[in-house]
Structures are given as structure tokens and as C-alpha cells.
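> Residues in the sequence shown are numbered from 0 upward in steps of one, following numbering that gives the first Met the number 0.
Treat the hints with care, since some could be wrong.
As the list claims (entries may be wrong) - Cut-off 25 Å, straight-line C-alpha distance, at most; resulting in silico cross-link-like pairs (SDA-like, lysine to any residue): (1) K249 with T312; (2) K108 with V234; (3) K108 with Q184; (4) K126 with E315; (5) K126 with L24; (6) K108 with V167; (7) K249 with V234; (8) K249 with P123; (9) K48 with L24; (10) K108 with S58; (11) K65 with A79; (12) K249 with D322; (13) K48 with K126.
As the list claims (entries may be wrong) - Label-pair restraints from in silico Cβ distances: (14) L279 with A53: 18 to 24 Å; (15) K65 with E43: 22 to 28 Å; (16) D247 with H137: 23 to 29 Å; (17) H137 with D55: 26 to 32 Å; (18) E102 with G236: 44 to 50 Å; (19) R258 with D322: 21 to 27 Å; (20) R258 with Q60: 50 to 56 Å; (21) R325 with R292: 37 to 43 Å; (22) D331 with A161: 36 to 42 Å; (23) P163 with E318: 29 to 35 Å; (24) D331 with P210: 18 to 24 Å; (25) A161 with G5: 28 to 34 Å; (26) G211 with K65: 21 to 27 Å.
No lab work stands behind these hints, which were simulated from the structure alone. Every residue gets a Cβ at the ideal spot worked out from N, C-alpha and C, and that includes glycine.
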Amino acid sequence: MTSTQGSRIVVTGATGNVGTSVVRLLSEDPEVGSVLGLARRVPEWSPPKTEWAAVDLASAQTDLVKVFDGATAVVHLAWAFQPTHDPAVTWRTNVLGSIRVFEAVAEAKVPTLVHASSVGAYSPGSKDHPVDESWPTHGWPDAAYCREKAYLERTLDAFDRAHPGVRVVRMRPAFLFKRQSASEQRRIFGGRFLPGPLARPELLPFLPDIPGLRVQALHTDDAAEAYRLAIGSDVRGAFNLAADPPVDAKLLSEMFHARPVRLPRTAARSAVAAAWGLHLLPASPHLFDAVLRLPLMDSTRARTELGWSPRHTATEVLEEFLDGLRRGEGADTAPLRGRKAS
Numbered sequence: 000m001t002s003t004q005g006s007r008i009v010v011t012g013a014t015g016n017v018g019t020s021v022v023r024l025l026s027e028d029p030e031v032g033s034v035l036g037l038a039r040r041v042p043e044w045s046p047p048k049t050e051w052a053a054v055d056l057a058s059a060q061t062d063l064v065k066v067f068d069g070a071t072a073v074v075h076l077a078w079a080f081q082p083t084h085d086p087a088v089t090w091r092t093n094v095l096g097s098i099r100v101f102e103a104v105a106e107a108k109v110p111t112l113v114h115a116s117s118v119g120a121y122s123p124g125s126k127d128h129p130v131d132e133s134w135p136t137h138g139w140p141d142a143a144y145c146r147e148k149a150y151l152e153r154t155l156d157a158f159d160r161a162h163p164g165v166r167v168v169r170m171r172p173a174f175l176f177k178r179q180s181a182s183e184q185r186r187i188f189g190g191r192f193l194p195g196p197l198a199r200p201e202l203l204p205f206l207p208d209i210p211g212l213r214v215q216a217l218h219t220d221d222a223a224e225a226y227r228l229a230i231g232s233d234v235r236g237a238f239n240l241a242a243d244p245p246v247d248a249k250l251l252s253e254m255f256h257a258r259p260v261r262l263p264r265t266a267a268r269s270a271v272a273a274a275w276g277l278h279l280l281p282a283s284p285h286l287f288d289a290v291l292r293l294p295l296m297d298s299t300r301a302r303t304e305l306g307w308s309p310r311h312t313a314t315e316v317l318e319e320f321l322d323g324l325r326r327g328e329g330a331d332t333a334p335l336r337g338r339k340a341s
């Protein structure tokens with residue numbers, strides 16, 4: 000294990016869903032000396048041992064080498080999900096911004112880089128037989144999110160070869176939820192005008208059962224714990240992170256006490272495409288296509304090499320998230336602000 004005593008950890012995207020959980024866990028870790036959170040807007044939130052810096056990774060004006068100087072590890076979480084109608088914008092932030100982070104890590108001689116990849120980086124795979132980290136990471140090319148995550152996997156392949164002195168860890172989590180992210184994720188995927196109170200069981204007498212709609216979920220805090228463990232270890236490479244059970248129409252219908260109704264994939268996609276085309280729904284039909292094809296992941300490596308295991312089941316994760324959605328929950332950062340602050 001690598002000692003993190005007195006370490007200086009830099010976290011990009013520190014005010015978002017994952018970032019707030021990672022910063023909190025690191026700030027509570029007695030082995031960590033200090034945390035520097037990077038975000039476009041500095042929050043009022045002040046966890047112990049944490050400082051903030053306003054940084055836009057899409058801009059070349061910030062000297063990231065100077066920001067990273069003296070860091071023990073850089074945890075790269077920053078990611079823009081929108082605008083889905085203009086993928087060139089997300090490409091500049093997510094891909095070009097990430098490449099700037101990677102290059103600055105090497106130039107500043109930071110010994111550890113922990114990068115937020117995703118299940119979305121994986122090529123289509125089985126919904127019945129979970130895949131390990133050797134599964135191809137070519138994404139679903141029609142979806143910007145998957146295309147960008149997959150491109151950065153190839154970028155890190157080259158980075159690993161060029162900079163063997165940097166320990167690179169790639170986290171590939173399932174879909175991440177927590178109570179405090181409910182309002183942000185409603186805005187990102189459902190739109191500002193989607194009322195959170197609609198997530199009440201009594202308002203959903205039936206749920207669509209769409210072929211291929213079987214995914215995995217994970218509590219954001221559980222993912223953050225894997226990041227913390229990776230920083231303090233000597234591991235390298237990729238780690239799948241997911242909780243059981245897989246989420247499908249049967250599980251959701253039990254949660255909502257609703258009846259599953261089979262809906263053809265083409266009909267569901269047409270509805271999503273129409274809403275997206277009219278700018279009524281931020282989530283694109285391309286991402287919908289990808290979700291139907293994502294493989295289930297085997298998290299054995301994280302359990303055996305990191306000593307990690309999720310404290311929350313997928314069912315508990317969704318119950319907490321849905322309760323937060325109904326209540327308009329959020330947190331004291333710009334991305335996570337709740338409904339009352341909208």
C-alpha cells in the first residue's frame with residue numbers, strides 16, 4: 000500500500016455528484032494532508048482540509064501544471080453532459096480538457112492519476128453474463144458520452160506507454176446516484192420542467208418494459224470510497240464498480256408497485272427522439288441506444304485488489320435517489336443545487 004500521510008490531492012469536477020463525495024471522504028481521511036477542489040464556480044461548502052480554485056478545464060488560460068505542482072495524486076472527475084445537441088462543445092470540455100489534465104499531470108510529475116471512466120466506455124455486451132475489465136472499450140459510437148469516454152481510454156493507453164512513471168487508475172462505475180444529486184440529474188437527463196414529484200408510486204400504475212433495458216446502479220459514496228482506496232494503494236489499470244441487483248423493469252415495477260408493460264424498443268426510441276428533437280428532453284436517443292447495449296460489469300477485481308465492496312444495494316440506491324427527487328434535494332454547490340434554489 001502507498002502511504003498518503005500528508006498527501007496533497009487535487010480533484011477536478013469537485014462540486015458535482017461524484018466530486019462532492021470524493022472530496023468529503025478525502026477530507027475525513029486522517030492520512031490525507033490537504034485537498035484542492037477545482038470547479039468552474041467555487042462553492043460556499045467548506046469541508047476540513049479543503050481549499051478551492053476556480054478552473055475551467057475547457058480554457059487554455061489556466062496553468063494546470065502550476066495547479067498540480069506538488070500534488071500526490073490528481074483525481075479527474077470533471078465532465079459536461081450538455082449540450083447534447085452540440086457535441087462539439089462537450090468534446091472540447093470532456094476530451095480536450097481531459098487531455099490538458101493528463102499532459103499537466105505528466106509535466107508536473109504527479110505520481111498518480113485516477114481517471115473517471117465509465118461503463119459507457121464499454122462496447123456492447125451481454126445483459127446476462129457480466130464482463131470484466133478486459134472487455135473492449137470502444138463505446139457506442141453514435142452517443143457522444145460513450146464516444147468521448149472511449150476516446151479517453153485510447154488516450155490513456157498512449158499515456159501509459161509514454162509515462163510509465165505515472166500510476167494510472169481508471170474507474171469504470173455503473174450509473175451513480177445519491178440523494179443530493181437528485182435535482183442535478185433531473186435537470187441533466189429529464190430537463191428543468193420535469194417535476195420531481197412525478198416519481199411517486201401512486202402516479203405510475205404501469206412501467207414500460209423495454210427489451211435490453213437492464214443496467215447497474217451504484218451509490219456515489221460507494222464509488223468515492225473506491226477512489227479513496229485507489230489513491231492509497233499501488234494498483235494500476237481499470238476497475239469496474241457496480242452494486243447488485245441489476246436494475247430492470249421487474250425490479251422497478253416492484254419498487255413502484257406498478258405493472259410492467261412490454262414496449263417495443265423502436266416505439267420507446269421514437270418517443271425519446273421526438274422529445275429530444277423538440278428540446279423537451281435533454282437525454283438524447285443516441286444515449287438511449289447505448290444504454291440498451293451496455294454490458295453488465297463484474298466488479299471482482301475491485302473487491303479483491305482494492306478491498307472494496309458497496310455498502311448500498313442497487314435497490315437502496317434508487318430508493319434514496321427517488322426520495323431525493325420527490326423532495327427536490329440537492330447540496331450547497333452550483334451543480335447540485337436543489338429545487339428550492341432553482
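> State for each hint whether it applies.
To see whether the hints hold, each was checked on the structure:
1. Straight-line distance between C-alpha atoms of K249 and T312 comes to about 16 Å, which keeps the hinted pair within the 25 Å bound.
2. Taken as a hint, the K108 and V234 pair is honoured in the structure, with Cα atoms around 18 Å apart against an allowance of 25 Å.
3. A C-alpha spacing of about 35 Å is found between K108 and Q184, which places the hinted pair above 25 Å, so the restraint is violated.
4. Between K126 and E315 the alpha-carbon distance is near 21 Å, which keeps this suggested pair within the 25 Å criterion.
5. Pair hint K126 plus L24 does not hold up; C-alpha atoms about 32 Å apart against a cutoff of 25 Å.
6. For the given pair, K108 sits about 13 Å from V167 by alpha-carbon distance, which is consistent with the 25 Å threshold.
7. Straight-line distance between C-alpha atoms of K249 and V234 comes to about 37 Å, which puts the hinted pair past the 25 Å bound.
8. With a CA separation close to 22 Å, the supplied pair K249 and P123 stays within the 25 Å bound.
9. Taking the CA atoms of K48 and L24, the gap is about 11 Å. The hint holds against a cut of 25 Å.
10. Distance hint between K108 and S58 is fulfilled; the C-alpha atoms sit about 22 Å from each other, no more than 25 Å.
11. With a C-alpha separation of about 24 Å, the suggested pair K65 and A79 falls inside the 25 Å cut-off, and the hint holds.
12. A hinted pair counts as satisfied when its Cα atoms are at most 25 Å apart, and K249 with D322 qualifies at roughly 20 Å.
13. For the hint pairing K48 with K126, the CA-to-CA distance comes to about 42 Å; that exceeds 25 Å, so the pair is violated.
14. A beta carbon spacing of about 33 Å between L279 and A53 contradicts the range 18 to 24 Å that was offered as a hint.
15. About 25 Å separates the C-beta atoms of K65 and E43, a value consistent with the hinted range of 22 to 28 Å.
16. At roughly 25 Å, the beta-carbon separation of D247 and H137 lies within the given 23 to 29 Å, and the hint holds.
17. Between H137 and D55 the beta carbon distance is about 29 Å. The supplied range of 26 to 32 Å therefore holds.
18. Our hint of 44 to 50 Å for E102 and G236 is violated, since their Cβ atoms are close to 21 Å apart.
19. Range check, R258 to D322: about 22 Å between beta-carbon atoms, so the 21 to 27 Å window is met.
20. A hinted range of 50 to 56 Å for the beta carbons of R258 and Q60 is consistent with their spacing of about 55 Å.
21. Between R325 and R292 the beta carbons are some 30 Å apart, a value that contradicts the proposed interval 37 to 43 Å.
22. Checked against the given bound of 36 to 42 Å, the beta carbons of D331 and A161, roughly 40 Å apart, stay inside it.
23. Between P163 and E318 the beta carbon distance is about 44 Å. The supplied range of 29 to 35 Å is therefore violated.
24. In this structure the supplied range 18 to 24 Å is violated for D331 paired with P210, their Cβ-Cβ distance being about 41 Å.
25. Between A161 and G5, the C-beta spacing of about 29 Å keeps the proposed range 28 to 34 Å intact.
26. The hint said 21 to 27 Å for the Cβ distance between G211 and K65, and at roughly 47 Å that hint is violated.
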